[in-house]
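From these two lone chains plus the hints, build me the complex, please.
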Amino acid sequence: MTAIEIATATTPTATAPTSRRRGLLRQLIDSKKALAGLILLALFALLALLAPLLVPGDPSLINSTGSQAPSAAHWLGTTAKGQDVLALTLWGARSSLFVGFTVGLVATAVAIVVGLAAAYFGRVVDDALTLVTNIFLLLPGLPLLIILAAFLPPGTSTVILVLVVTGWAGSARVLRAQAKSIRGKDFVAAAVVTGERPLRIMFREILPNMASVVMTTLLGCVIFGIGAQAGLEFLGLGDSSVVSWGTNLYWASNDGALMTGAWWAFVPSGLCIALVAFAIALVNYAVDEITNPRLRNRRARRERRG
Amino acid sequence: MRLILRNLGFYLLAFWASLTLNFVLPRFMPGDPVSRMFAQTQGTMQPDQIAQLRKLFGLDNRPLWEQYVSYVKSVFTGDLGISITRFPTPVTDVISSQIGWTLLLGGVALVIAAVLGNLLGIVAAWRRGGVLDSAFPPLLIFVGSFPYFWLAMGALYLFGVSLGWFPMRHAYDVGLTPGFNGEFLSNVATHLVLPALTIVLVSIGGWMLGMRNTMIATAAEDYITMAEAKGLSPSRIMFRYAARNALLPSVTNFGMALGFVVGGALLTEVVFAYPGIGYQLLMAVQGLDYPLMQGIFLTITAAVLLANFLVDLVYVRLDPRVRVR
Numbered sequence: 001m002t003a004i005e006i007a008t009a010t011t012p013t014a015t016a017p018t019s020r021r022r023g024l025l026r027q028l029i030d031s032k033k034a035l036a037g038l039i040l041l042a043l044f045a046l047l048a049l050l051a052p053l054l055v056p057g058d059p060s061l062i063n064s065t066g067s068q069a070p071s072a073a074h075w076l077g078t079t080a081k082g083q084d085v086l087a088l089t090l091w092g093a094r095s096s097l098f099v100g101f102t103v104g105l106v107a108t109a110v111a112i113v114v115g116l117a118a119a120y121f122g123r124v125v126d127d128a129l130t131l132v133t134n135i136f137l138l139l140p141g142l143p144l145l146i147i148l149a150a151f152l153p154p155g156t157s158t159v160i161l162v163l164v165v166t167g168w169a170g171s172a173r174v175l176r177a178q179a180k181s182i183r184g185k186d187f188v189a190a191a192v193v194t195g196e197r198p199l200r201i202m203f204r205e206i207l208p209n210m211a212s213v214v215m216t217t218l219l220g221c222v223i224f225g226i227g228a229q230a231g232l233e234f235l236g237l238g239d240s241s242v243v244s245w246g247t248n249l250y251w252a253s254n255d256g257a258l259m260t261g262a263w264w265a266f267v268p269s270g271l272c273i274a275l276v277a278f279a280i281a282l283v284n285y286a287v288d289e290i291t292n293p294r295l296r297n298r299r300a301r302r303e304r305r306g
Numbered sequence: 001m002r003l004i005l006r007n008l009g010f011y012l013l014a015f016w017a018s019l020t021l022n023f024v025l026p027r028f029m030p031g032d033p034v035s036r037m038f039a040q041t042q043g044t045m046q047p048d049q050i051a052q053l054r055k056l057f058g059l060d061n062r063p064l065w066e067q068y069v070s071y072v073k074s075v076f077t078g079d080l081g082i083s084i085t086r087f088p089t090p091v092t093d094v095i096s097s098q099i100g101w102t103l104l105l106g107g108v109a110l111v112i113a114a115v116l117g118n119l120l121g122i123v124a125a126w127r128r129g130g131v132l133d134s135a136f137p138p139l140l141i142f143v144g145s146f147p148y149f150w151l152a153m154g155a156l157y158l159f160g161v162s163l164g165w166f167p168m169r170h171a172y173d174v175g176l177t178p179g180f181n182g183e184f185l186s187n188v189a190t191h192l193v194l195p196a197l198t199i200v201l202v203s204i205g206g207w208m209l210g211m212r213n214t215m216i217a218t219a220a221e222d223y224i225t226m227a228e229a230k231g232l233s234p235s236r237i238m239f240r241y242a243a244r245n246a247l248l249p250s251v252t253n254f255g256m257a258l259g260f261v262v263g264g265a266l267l268t269e270v271v272f273a274y275p276g277i278g279y280q281l282l283m284a285v286q287g288l289d290y291p292l293m294q295g296i297f298l299t300i301t302a303a304v305l306l307a308n309f310l311v312d313l314v315y316v317r318l319d320p321r322v323r324v325r
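Sequence lines, in order, name chains D and Z. My numbering puts the first residue of the first sequence at 1, with every later residue one more than the last. My numbering puts the first residue of the second sequence at 1, with every later residue one more than the last.
Pulled out of the complex, with its shape left as it was, chain Z reads as follows (with noise of 0.2 Å):
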C-alpha cells in the first residue's frame, strides 16, 4: 500500500511536470505564438484581434504566479481551451471526439504485437538454434530498423495503391453512418488493417527478442532443472514454468507500450491521414493551433502515466517479491 501511494506521488509530479512545461513554453520561449500567427498571416491581424488571442491564450499581463495559478485551476476543472483550427469548439471536445479512433488503432496493434511476439519469444528460446532462433531474431531486427512510418507508406504503397486491396485513408468509408452494425463495423475493420499491421511489424520484433532473451535467464534456474528432473512434461515446463515467471518483464513493457498506444501511433495516423489525436496533433501543429497542441500532450501524457499506475498495481499483484522490498 505504501508502496501505491508513492508510486502514485510519483506520478502526479510527473503530471505536474508536464503541466508545468505546457504553461512555460509558450511563454519564455523566442517568439510567443501570437506573434508567431501574425508572422504568418502576414500581419492581416487587428489589434484587438490579437488581443483577443492573448487573452485566449492566457498570455495577458497579469503576474506570472497568477497565470500559473489560473491554469492550473482551468486544467483540472477540466477546460483546455479554445482550439483556435475548429474554433470555437473546446480542446477537449476536440480530443474526445478523436481519442477512440487512436484507441482503436493502438489496442489492436499493441495486443496483437505482444500476444504474437511474447508466444515467438517462447518458443524461439525453448528451441535454442532453430529456425525461430537463428533465422527470425535477425529478420525482425532488420525490419525493426525501418522508421515505422517508413514501413506504413511502403505498406500504403503497395497494398492501397498497387493492389487495392485495402482503402488508403480515414477510418471508414465518407457517406457512412457510423453505428453498431455489420457493415459500419467491417469497413471500419478493413481501414485498420494497414496501419495495425504496420505498427504491429514494427513492435513484434522488440517482444520477441525480450522475451527470449528473458526466457534464455530464466530457463537455466534451478528450478527448472528441477521440474524437469521430476519428469514434466516439456510444454507444462515451458508455459507454467519458464514463460510464467519469464512474462513478468513483460508486463512492464506493456505498460509502457499502453503509453505507446496513446502516443505512438502518431506517425502511422499521419501516414494514413487516420483519425485519431495523432493525426490531430499535426493538424494542430500545423494550424498553429497552441491550445490544442498543449492539450493533446496533456491528454497523451495523462494517459502514459495512467497506464503505468494500472500496471505498477497489478505487478504488485503479480510478483510477491515488490511488496517485500
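Extracted from the complex, chain D is given alone in its bound form (with noise of 0.2 Å):
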C-alpha cells in the first residue's frame, strides 16, 4: 500500500489516476479473485488458532478403533492408530502454516537483502552475487533438501533453514531484476548524489517501489514453503513427532492407507495444502493483473460489456 502512495506523492503528478492511488491493499479487496483468496486464507489461519479450543487434547492421542470411516463421532474418520483425522488436520494446520510463513518470510528476507544489494552496488558485488544465486538455483531443490535434512539433526528449526536455503535464490533473481531497473531512476540518483546512506537508499528508495514484486515473491515463497515442508516431512525427513499436513501424509502412507482404502486418512490434509496454495495463489493472480494492467484490460472489458 505504501509503495503506491509513496510513488506518487514522489511524481510532481498528483493527479494520477485514483486507480493507481488507491494503493494495493484495497484494489486487492477490490478484486474478486484476491477477496476470495483473502478469506481463505484467514479461514484457515483461524481454524489453526482455534484448534485447542475446537478439538481439545494432543491430537495424537489414540483414542478410538482404528481405520474408522468418517461418522458423527469422527467426522473425517480415524486413522490405523485410531487417531481423531479431523484434530490432526486442524493441528497439522498450525506447524503447516507456521512453517511455511516463516519460511516465506524469512527466504524472501534474504532475497530481498541480496537482490537490493546486488542491483544497488553493481559491478563486482552484482557478479559475485549473481553468481552465487545462480549456482543455487542451478542446485536441484528436492535433492538437495533431502541431503541436508539427512545430514541435519532432525526438528522444525531444522526443515525452516533448509527449506530458506533452497528457497531464496529464485526470488532473488526476480527482485534483482526489479531493483535493477528502479536503481537506473532519476530519483536514485538524486538521492546517491544528495549523500544518502547506501542502506537508505536502497530500503527507503528503491524497496518501496517494487511492493507488489515482493509481495508476489512472499506469496511463491509461502506456497514453496508450504509444499515443500510437505513433500519432506511426507518423506520422513522432518520432524515426525511434530503433527503437521506433511506428518499426516507420512503416517497415513506408512500405515497403509492407500491400500486399506482408508482414503479419508490422507484427503484431508492434502487438501488443506492444496487449498491454502490455491488460495495464495488467486492473490498472487490478482496482484498480477493490478500491477499488469496488460493481463486485465480485455477481461474487464468483458466484464463491462457482460
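These are computed hints drawn from the structure, not numbers from a lab. Please note that a few of the clues may not be correct.
Residues on chain Z that point at chain D, a partial pick, calculated with CB under 7 Å [as the list claims (entries may be wrong)]:
| no. | residue |
| --- | --- |
| 1 | ALA17 |
| 2 | SER18 |
| 3 | VAL24 |
| 4 | LEU139 |
| 5 | PHE142 |
| 6 | TYR157 |
| 7 | LEU267 |
If you anchor each label on the Cβ, the simulated ranges turn out as follows [what the hints assert, rightly or not]:
| no. | chain 1 | residue 1 | chain 2 | residue 2 | range |
| --- | --- | --- | --- | --- | --- |
| 8 | D | LEU131 | Z | ARG128 | 50 to 58 Å |
| 9 | Z | LEU3 | D | ASN292 | 25 to 33 Å |
| 10 | D | GLY66 | Z | TRP165 | 24 to 32 Å |
| 11 | D | GLY57 | Z | THR252 | 49 to 57 Å |
In silico SDA-like cross-links for lysine to any residue, where the CA-CA straight-line distance does not exceed 20 Å [to be verified]:
| no. | chain 1 | residue 1 | chain 2 | residue 2 |
| --- | --- | --- | --- | --- |
| 12 | D | LYS33 | Z | ALA302 |
| 13 | D | LYS32 | Z | SER134 |
| 14 | D | LYS33 | Z | LEU139 |
| 15 | D | LYS180 | D | ARG123 |
| 16 | D | LYS185 | D | PRO208 |
Beta carbons: idealized from backbone N, C-alpha and C, even for Gly.
Take a look at the structure:
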C-alpha cells in the first residue's frame, strides 16, 4: 500500500488516475479473486488458531479403534492407529502454516537483501551475488533438501533452515532485476548525489517501489514453504513427532491407508495444502492483474459489456 | 563462442560447489555419519568396524585438504565409493542400474506436458476470453496447487486400488525378464501410465500459463499487426509468427525441466515405489547410506548442469540476439 502512495507522492503529477492512488491492499480487496483468496487464508488461520478450542487435547492421542470411516463421532474418520483425523488436520494447520509463512518471510528477506545489494552496488558485488544466486538456482532443490535434511539433526528449525537455503535464490533473481530497473531511475540518482547512505537508499527509496514484486515473491515463497515442507515430511525427513499436514500424509502412507482404502486418512491434509496454495495463488494472480494492466484489460472490458 | 565458454565455466563452478558441499556436509555437520550409524545400531558395532566405516567415508585423520584432494580426484575418476546398503556394490553401479527408469518416467512426462501445455497456451492466448482461456487457467492453477505426491497418492488410490486399472508399484511385473519384446514393453508402459500422468497433471499448468502470457505479449508486437494487415491466414500468423517467437522462453524452461527429469520425479517414484534414482535416494537416506546419497546428489546435479548447458547451446542457435550481446 505504502509503495504506491510513496510512488505517487514523489512524482509531481498528483493528478494520477485514481486507481493508482488507491493502494495495493485496497485494490486487492476490490478484486474478487483476491478477496476469495484472502478469506480462505483467514479461515485457515482462524482454524489453526482455534484448534485447541475446537479439538482440545493431544491430537495424536489414540482414542478410538483404527481405520473408521467418517461418522458423527469422528467427522473425518480415524487413522489406522485410531487417532481422530479432524483433530490431526486442524492441529496440523498450525505447524504447516507456521513453517510455511516463516520460510516465506525469511526467504523473501534474504532475497530482498541479496537482490537490492546486487542491484544497488553493481559491478563486483553484483557479479558475485548473481553467481551465488545462479548456482543455488541450478542446484536441484528437492535432492539438495533431502541431503541437507539427512545430515542435519531433525527438527522444525532444521526444516525451516533447509527450506530457506533452497528457496531464496529464484526470488533474489526476480527482485534483483526489478531493483536494477529502479536503480537506474532519476530519483535514485538524486538520492545518491545528495549523499544518502546506501542502506537508506536501498530500503527507503528502491524497496517501496517494488512492493508488488515483493508481495508476489513473498506469496510464492510461502507456497514453496508449505509444499516443500509437506514433501520433506512426507519422506519422513521432517520431525515426525510434530503434527503437520506433511507428517499426517507420511503416517497415512506408512500405515497403508492407500492399500486399505482409508482415503479419509490422506485426503484432508492434502486438500488443505492445496486450498492454502490455491488461495495464495489467487491473491498472487490478482496482484499480477493489478500491476500488469495488459493481463486484465481484455477481461475488464468483457465484464463491462456483460 | 566466448559466451559458450563463459557458460561452461559457470557450470563447472556450480558443479564444484555441489562437489564441495558433498565434501563439507559429512565433515562439518554435528554428529558425523559414522557415530549416527553407531547410535542407530544401538552400539553393537565393533571398534574395527567403526574404523573401517570411517575409512570408507574418507573420514580419516589426514589433514582436510589432503582428504579434499583425494575426494575430488576419486570423483573425477568415476569412483563414488561403495554403497553401504548394497555392500559391496560400488555407488556408480547402483546409480547406473537405476537411472534409466528415472529418465524414462521423467522424459515421457516432460515431453507430454511441454508439448500439450505449450499448444494449450498458444490456443488460449490466441482466443483471449474463450473457454480455454477463462476456464483452464484457474482449473490448472488449482490442480497445480496440490502437492504432486498427493496427486500421485490419489491417482494410485483411485485407479490402482479402487478401480484396479493400473498396477500399483514397480516398473514391471515381477517374474518378467527385461528385454525388447512386445510383452515386456507393454507391461512397462502400463506401469508408467499413473506416475507419468500425475507429473503431467501438475506441470502442464505452468507450461500453459507461461506460453499464454508470452503469447499475449508477442501478439501485441507490430509485426503481428503487419502480418494481419498482409492478410495472412490466422493459423499461419499464430504458429509461424507469434508462437515461434513466444516459444523462446519455453526453451529455457525446457532446460530447467530437463534437470527436473532426473531429480523431480523423486516423490512420484517414492509413492509408486517406481525404481529410479529418486526412490533410491530415499532408500539411501533411510539406510543411512551416505556414499550412495552423495553419489545420487552429485549425479542429479551433474545432469541438471549438463541439461542447462545443452539448452544454452541450442538457445544461441535459436536466438541470434544472444550472440550479439
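How the hints compare with the structure:
{"no.": "1", "hint": "ALA17", "verdict": "holds (5 Å)"}
{"no.": "2", "hint": "SER18", "verdict": "holds (6 Å)"}
{"no.": "3", "hint": "VAL24", "verdict": "violated (10 Å)"}
{"no.": "4", "hint": "LEU139", "verdict": "violated (11 Å)"}
{"no.": "5", "hint": "PHE142", "verdict": "holds (5 Å)"}
{"no.": "6", "hint": "TYR157", "verdict": "holds (5 Å)"}
{"no.": "7", "hint": "LEU267", "verdict": "holds (6 Å)"}
{"no.": "8", "hint": "LEU131/D x ARG128/Z: 50 to 58 Å", "verdict": "violated (40 Å)"}
{"no.": "9", "hint": "LEU3/Z x ASN292/D: 25 to 33 Å", "verdict": "holds (31 Å)"}
{"no.": "10", "hint": "GLY66/D x TRP165/Z: 24 to 32 Å", "verdict": "holds (28 Å)"}
{"no.": "11", "hint": "GLY57/D x THR252/Z: 49 to 57 Å", "verdict": "holds (52 Å)"}
{"no.": "12", "hint": "LYS33/D x ALA302/Z", "verdict": "violated (41 Å)"}
{"no.": "13", "hint": "LYS32/D x SER134/Z", "verdict": "holds (15 Å)"}
{"no.": "14", "hint": "LYS33/D x LEU139/Z", "verdict": "holds (13 Å)"}
{"no.": "15", "hint": "LYS180/D x ARG123/D", "verdict": "holds (12 Å)"}
{"no.": "16", "hint": "LYS185/D x PRO208/D", "verdict": "holds (14 Å)"}
In summary, the structure is inconsistent with hints 3, 4, 8, 12 from the numbered list given earlier, while agreeing with the others.
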